[in-house]
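Throw the hints in and build the complete structure from the sequences for me.
Chains as they are written, first to last, in my numbering: chain A, 1 to 348; chain B, 1 to 78.
The hints are simulated quantities; they were obtained by calculation from the structure and are not laboratory data. A couple of the hints might just be wrong.
As the list claims (entries may be wrong) - Below, a list of computed lysine-lysine pairs in the DSS-like style, where the Cα atoms sit at most 27 Å apart: (1) A:Lys4 to B:Lys77; (2) A:Lys4 to A:Lys108; (3) A:Lys216 to B:Lys77; (4) B:Lys64 to A:Lys337; (5) A:Lys306 to B:Lys77; (6) B:Lys64 to A:Lys306; (7) A:Lys216 to A:Lys226; (8) A:Lys108 to A:Lys135; (9) A:Lys4 to A:Lys31; (10) B:Lys52 to A:Lys213.
Unchecked claim - Stretches of chain B that chain A covers, calculated by requiring three or more beta carbons in the stretch to come under 8 Å of a beta carbon on chain A: (11) 1-9; (12) 12-26; (13) 63-77.
Virtual Cβ for every residue (Gly too), placed ideally from N, Cα, C.
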Amino acid sequence: MALKVVCYINQFFAGLGGEDMAHTGPCIERKAVGPAMQIDNLLGGDGRVAGTVICGDSYYGEHIEEAREKCIEYIRDMSPDLFFAGPAFNAGRYGVACGDIAAAVAQKLGIPCVTGMYSENPGVELYRSKTFIVKTVDSARGMKQALEKMVELGKKLVSNEPLRPADEEGYFHRGIRKNYFHERNGAQRAVDMLLRKISEEDYRTEYEMPVFKRIKPAEPVKDLSKATVALVTSGGIVPRGNPDRIRVSSAKTYGKYNISGIEDLTPEIFESVHGGYDRVWANEDPDVVLPVDVLREMEREGVFGKLYDYVFTTTGTGTAVANAERFGREIGEQLKKDGVDAVILTST
Amino acid sequence: MVREIEATAGIPVVQIATIVPIMLTVGANRMVPGVAIPHPVGDPAEGPEADKAVRREILERAFKAIQTKITEQTIFKS
Numbered sequence: 001m002a003l004k005v006v007c008y009i010n011q012f013f014a015g016l017g018g019e020d021m022a023h024t025g026p027c028i029e030r031k032a033v034g035p036a037m038q039i040d041n042l043l044g045g046d047g048r049v050a051g052t053v054i055c056g057d058s059y060y061g062e063h064i065e066e067a068r069e070k071c072i073e074y075i076r077d078m079s080p081d082l083f084f085a086g087p088a089f090n091a092g093r094y095g096v097a098c099g100d101i102a103a104a105v106a107q108k109l110g111i112p113c114v115t116g117m118y119s120e121n122p123g124v125e126l127y128r129s130k131t132f133i134v135k136t137v138d139s140a141r142g143m144k145q146a147l148e149k150m151v152e153l154g155k156k157l158v159s160n161e162p163l164r165p166a167d168e169e170g171y172f173h174r175g176i177r178k179n180y181f182h183e184r185n186g187a188q189r190a191v192d193m194l195l196r197k198i199s200e201e202d203y204r205t206e207y208e209m210p211v212f213k214r215i216k217p218a219e220p221v222k223d224l225s226k227a228t229v230a231l232v233t234s235g236g237i238v239p240r241g242n243p244d245r246i247r248v249s250s251a252k253t254y255g256k257y258n259i260s261g262i263e264d265l266t267p268e269i270f271e272s273v274h275g276g277y278d279r280v281w282a283n284e285d286p287d288v289v290l291p292v293d294v295l296r297e298m299e300r301e302g303v304f305g306k307l308y309d310y311v312f313t314t315t316g317t318g319t320a321v322a323n324a325e326r327f328g329r330e331i332g333e334q335l336k337k338d339g340v341d342a343v344i345l346t347s348t
Numbered sequence: 001m002v003r004e005i006e007a008t009a010g011i012p013v014v015q016i017a018t019i020v021p022i023m024l025t026v027g028a029n030r031m032v033p034g035v036a037i038p039h040p041v042g043d044p045a046e047g048p049e050a051d052k053a054v055r056r057e058i059l060e061r062a063f064k065a066i067q068t069k070i071t072e073q074t075i076f077k078s
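So this is what it looks like as structure tokens:
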């Protein structure tokens, strides 16, 4: 049976124009347009491109929900078996649009979706876990190879053929680990890896660590005697009984607790629920993790202006980076709104 | 969390923790090494006075950190 394929491209690849046309809203052509024509050729007898959804990059970026909804409507209407977006190479807005629409189509229509991007396209980090993103070079000079890889992977996905590891298939891994029995045990593989590392040969870790972002340091506080300082902790210090049921590990939430009028954190009123360290000391005196007692002394002495009335707490053990980042953003917004000047954050 | 608070609020955030490489990895800009994982800002085994004294000393360093202009990740060791 011939596959029915729908493609997504931007205004530029549709031949509508460059930046001057980037505000164009979504539309549909019931035929193959631009790179979709090459996809149509590559499919050969296996399928045909039934339609091409086109949207300006700025429009998609600025009206992401409306754009997604409208595009999905067009795509659903054609009931395709397979969906391609891009490739976007290193175009940031286009990459985000391709990633977003491919992820949404995969989720809403349940069909295989493939896009293509250069490793530094921001769309890769945002959408790699939600759609297949084939690795491309950074510009359209790699169009032919990109489309060949996308079509090959797309066909494979439709036929339910088992996939080899992401690296071998040529797409960005989606953070999925498959369990299987290896003929060599972990110790043997680790020693092999170490020997390769020592002899400066290529080796590949079996457990990649997340890569964290860097930010420019904030300006220092100029007049500490007038500054409001907030306390935040990932050390799991909460009011006794853990009223918000913050998880002991892999936290999905954080708590905000009023400490106005509290001079000292005693075991009668606070405790630690952190599942990643020995809580004996923290439960005898929570100040060893969340130092309210000494901060009150320093506040009275006028070392700094005021201790902010609330503390924010979570448990930082096994906590997903995405959750921790979200907590940080939400806490940051509240502190900004309340005019807090600096933060002391303790971690265990 | 430390990085996102600083980025969102635009205010200095000093992190006090014992495992410095983790603070470096997550992208904290101002760092003060803590005493121990289960009690980063205290040393309760040394008795109440010593415990409070070390807490005070670490917090003074934290205040020094938030008043110091920096251009890259900085560990305030003293």
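| request: Hints the structure violates: just list their numbers, smallest first. | output: 1 and 10
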